[in-house]
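Just so we're on the same page, this note's numbering is the position in the sequence shown counted from 1, plus 4.
The hints are simulated quantities; they were obtained by calculation from the structure and are not laboratory data. Hints are supplied without guarantee of correctness; some may be wrong.
Using C-beta positions, here's what the derived DEER-type ranges look like [to be verified]: (1) Thr81 / Tyr41: 29 to 35 Å; (2) Pro46 / Glu87: 14 to 20 Å; (3) Phe82 / Phe11: 36 to 42 Å; (4) Lys125 / Ser64: 19 to 25 Å; (5) Asp80 / Ile39: 34 to 40 Å; (6) Glu87 / Lys12: 35 to 41 Å; (7) Glu87 / Arg32: 15 to 21 Å; (8) Pro111 / Met78: 31 to 37 Å; (9) Val38 / Met78: 36 to 42 Å; (10) Lys74 / Ile13: 24 to 30 Å; (11) Arg84 / Ala42: 44 to 50 Å; (12) Phe11 / Arg84: 17 to 23 Å; (13) Met78 / Met21: 14 to 20 Å.
All figures in this text were calculated on a predicted structure; none of them were measured in a lab. By construction, the Cβ of each residue, glycine as well, lies at the ideal position given by its N, Cα and C atoms.
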Amino acid sequence: MNARPDFKISPEQELRMDLAGDVRAALRDCMQEVITYAVAEPNRTTVAHAIYEDSIGDKSLTEAFESVAKAYAMGDTFGRIGELFTRFMDGACAHYVETVADAIEDPERQLDVRFELAPRK
């Protein structure tokens with residue numbers, strides 16, 4: 005009898021887990037998101053900006069971002085601002101991972117995403 009059962013994850017779950025780890029590392033290392041569609045040139049933007057742009061339109065994420073801005077404007081402590089920003093980023097990263105994973109899985113979009121260091125100037 006096995007004391008530790010084998011956990012089976014679906015390819016969809018594996019994609020999201022891998023993507024979430026890649027996004028965290030890309031944010032940490034200030035990398036760029038490079039998105040390529042089937043017939044278009046690669047599009048580059050910083051990962052942080054891509055996550056922020058993806059959050060626009062989601063009511064709860066917009067409210068979370070606004071609470072960070074208000075706390076900063078009111079001169080709240082850096083601890084409080086950091087706490088609010090962390091909440092926003094956690095939600096925004098999860099939303100971004102879902103959005104990108106859905107696009108990767110869509111055969112019509114033929115999306116490829118990778119994370120690279122910004123080119124040196």
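Hint compliance check: list the failing hint numbers for this structure, sorted ascending. Structure breaks hints 1, 2, 4, 8, 10, 12, 13.
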